Amino acid sequence: EAGVAQSPRYKIIEKRQSVAFWCNPISGHATLYWYQQILGQGPKLLIQFQNNGVVDDSQLPKDRFSAERLKGVDSTLKIQPAKLEDSAVYLCASSLGPGQGGPNTEAFFGQGTRLTVV
Amino acid sequence: GQSLEQPSEVTAVEGAIVQINCTYQTSGFYGLSWYQQHDGGAPTFLSYNALDGLEETGRFSSFLSRSDSYGYLLLQELQMKDSASYFCAVTQYSSASKIIFGSGTRLSIRP
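Here the protein sequences come in this chain order: A and B. Residue numbering for the first sequence follows the working numbering, beginning at 25 and increasing consecutively. Residue numbering for the second sequence follows the working numbering, beginning at 5 and increasing consecutively.
If we strip away everything but chain A, and leave its shape as in the complex, we get:
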């Protein structure tokens, strides 16, 4: 089966510019996550969708970050305006559940988008 697709793979922007990332999860996966991974750290959950609804965005800096999941499939994450500290890899992941076999036990990750803000 096809994995999680993300684009672009790399992006360099100047601070205060805007940027958008795209994610196509594995077909049939109800849950979609966006994680931010700063070099040398673990992935930090920014926002989680179940189908096309947000179920958790407690760690999302809402003054500059936004995300949507159209029709419960593809998702976009936007940063506007970007700051230097937003330099990181943005990982999209998807899971089958919950509801089909219980809580989410395994997340499948895309290759990520490496963002550099200069």
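In case anyone wonders, no lab produced these hints; they're calculated from the structure. Be a bit skeptical, because a hint or two may be false.
Going by beta-carbon spacing under 8 Å, a handful of chain B positions derived as facing chain A [claimed, not checked]:
id, residue
1, 37
2, 70
3, 80
4, 95
5, 100
6, 108
Distance windows between CB atoms, simulated [as the list claims (entries may be wrong)]:
id, chain 1, residue 1, chain 2, residue 2, range
7, A, 29, B, 18, 32 to 40 Å
8, B, 7, A, 102, 42 to 50 Å
9, A, 26, B, 33, 42 to 50 Å
Small disclaimer: the values here were computed from a predicted structure and weren't measured. Beta carbons are placed, not taken as given, at the ideal position from N, Cα and C, and that holds for glycine.
Take the given structure of chain A and dock chain B to it, following the hints.
The following block gives chain B in isolation, referenced to the frame of chain A:
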């Protein structure tokens, strides 16, 4: 809130055995999982424990003690390709089924 603690770095010799520990504090704990991430790559799932005990998958085993809020990943017959970062992650079930990651352990294998 939640917290996960694991060693930042571990070094081992090729062919040896290494154990990476993880302690956690979280509400709504459902299970503990482990992921491997090579430099520049995506995290990939290794194992999941919802019940106490040891789960074995080839050279890798994972253990969970819910009463101690503790788990570990055991890697046997280490190979150079096992050099990577390893993350423990909790599945937290409250209003949503979230997967929260620790800060990771960088495993270096020496010949």
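Hints, verified against the model:
| no. | hint | verdict |
| --- | --- | --- |
| 1 | 37 | holds, 7 Å |
| 2 | 70 | violated, 15 Å |
| 3 | 80 | violated, 22 Å |
| 4 | 95 | holds, 5 Å |
| 5 | 100 | holds, 4 Å |
| 6 | 108 | holds, 5 Å |
| 7 | 29(A) / 18(B): 32 to 40 Å | holds, 35 Å |
| 8 | 7(B) / 102(A): 42 to 50 Å | violated, 30 Å |
| 9 | 26(A) / 33(B): 42 to 50 Å | violated, 32 Å |
Checked against the numbered hints above, the structure violates hints 2, 3, 8 and 9; every other hint is satisfied.
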